[in-house]
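Model the full structure from these sequences, guided by the hints.
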Amino acid sequence: MNAVTTFLTQDGGFWVLTFVKIALLLFIVLTVNAYLTWFERKVVALMQSRIGPHRVGPHGLLQPAADGLKFLFKEDVMPGGVDKFVYLLAPFLALTLALASLAVIPFGPDPLPFKFFGHQIDLWITNPDIGLLVLFSVTALGVYGVALAGWASNSKYPLLGGLRSSAQMVSYELSMTMSVVGVVLMANSFSLTEIISKQQDGKWGLLSWNAFTFHGGFPQIVGFLCFLVSAIAETNRVPFDLPEAESELVAGFHTEYSSFKFAMFFIAEYTSMITVSSLCAILFFGGWNSPFPATPFWQFTHYLPSLILIPFGLWVLFDGLKYETIFGKLVLPALGAAIAGIGALLLAGIWIAPLHDVNEYIQGPFWLLSKIFFFLFFYVWARGTLPRFRYDQLMNIGWKLLLPVSIANVIVTAGFVLFRSAP
Amino acid sequence: MSPVLIVFFLLAALCVIGALSLILQKHPIHSALSLIIVMVSLAGLYLLMGAEFVAAVQIIVYGGAIMVLFVFVIMLLNASAEEHTSFSKLAKFGGLPLALALTGLLASAMIHNGGAVPNTTSPDALASTTTISILLFSTFVYPFELTSFLILVAIMGALVLAQREKS
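Just so you know, the protein sequences line up as chains C and U, in that order.
Numbering follows the numbering used here, in which position 197 of the first sequence is assigned residue number 197; successive positions increment by one, without gaps.
Numbering follows the numbering used here, in which position 158 of the second sequence is assigned residue number 158; successive positions increment by one, without gaps.
Rather than coming from a laboratory, the hints here were simulated on the basis of the structure.
Straight-line C-alpha distance at most 30 Å; calculated DSBU-like pairs for lysine-lysine:
no., chain 1, residue 1, chain 2, residue 2
1, C, K70, C, K322
2, C, K70, C, K21
3, U, K26, C, K156
4, U, K26, C, K84
5, U, K89, U, K26
6, U, K92, U, K26
To list a few chain C residues with every Cβ distance to chain U over 12 Å, as calculated:
no., residue
7, H59
8, L62
9, F375
10, Q393
All of these numbers come straight from a predicted model, not from anything done at the bench.
Quick reminder that beta carbons are idealized off the backbone N, C-alpha and C, glycines included.
This is the structure:
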């Protein structure tokens, strides 16, 4: 019996549970995607001394919904002379693969305290022993979405964009895979949960994360930088967004796509941003481990979620009261009160035992989500700061800088691991 | 029929359909896509046998890197649909009988063994990454190093050829 055959012979409860989890994760991720566009526009606007979206809803909060509706109601144009099958396959492939990679990402250490027909409810959809390799194989196939879209459009600009992207993604996939070998060497496993739990050390807090620790290896900060740069290139984001360089290629590979087919590429791009951010957090920055040591002295940091939620909720409440529309006057204060209330309940965990358990339970997901959020912010930050690279510069960085550096990182880390494990 | 068997037949059917489509499609890109289907369904079959690492590497190396290069070259050359030429005489008189002979040989071997093809290694040898690496770096270390040396030579050869064209 291997992992797959055990998986195939599970009973009905397992399948229902898995499908519910998938539906829930899809719902959350697609909503987060929508608000990520809002977040990106707001942050870039702030960096450029603009206001950003502010017309639809308070602070432009309903802008993503408006955009989504617009995508649905736009005319769906199919240009003449396209290869129909491949043209329709490409956005489907891009979106499916981007969403599939989320299945192996673990969001928290402990299963929920209750069971579903005798099945433990873990905070991940699946946790294979080769989790990292699954992610890389999904990324490896992800190139086809972009490349085939460029080819099938039967148009010059998309073809150039598709060519660029396949060359770029193949080049950067090498350094991306190489840069995580150090982490795998230190954890001795491809399993993401295993990699995270190896970074847990009671006394040292954030110093036991792979990026900084000497424990069982060598600090992976160089590997992290290589991974971050290649992952940004792999997701076709600024400053490596040459496949869709608007000043040269109109919109690159998705020039000929309209309506919801364009939205599928868009969602795929933002989903892979989330995947990469979670990978950065999991592989190099301790995953769900708190940056503070797990000693009684640092116990108070467990109330950090409520410390954030209460002021934020109160701010939303009072900000909502200023609005004249019904949505602002009623929904925002109610939302603010709810957020502040949750924060207060968590804080009440100091005195009430069940609430204390809840507060302890959300520590893991809280830290992982905070780290993911930070790396998402980093993406937007890079977009607001850096100009696009030239194509030859892009290839030089990939092959002449990132690849040698990440190989050197592997050799040094392997040396340290060998040295430590020697008797 | 057990669910494992159902999945096996689904993947095997997908694999065969992909391989047939690879030959029958007229456009190179469609053929390349069919080949990707073959690669991915093969990876699924490896997974069923418990060889997780091999399955992942199959997708990363063959499904990803190598087939992307295929697609890239086809796109770069902007190859269009191929034209059908008449059936070659060599294929008719040499190829067809040979293909039939091979099929017959395989079929008779399978019937002779009662439908069960014996395992070449212990089935758990490919299960974990640790056992694979131990096999790779102890029993098969010379073939492994020789293969990597061969690939290195091929890379250098490609570089030399590309360089000569430039000057």
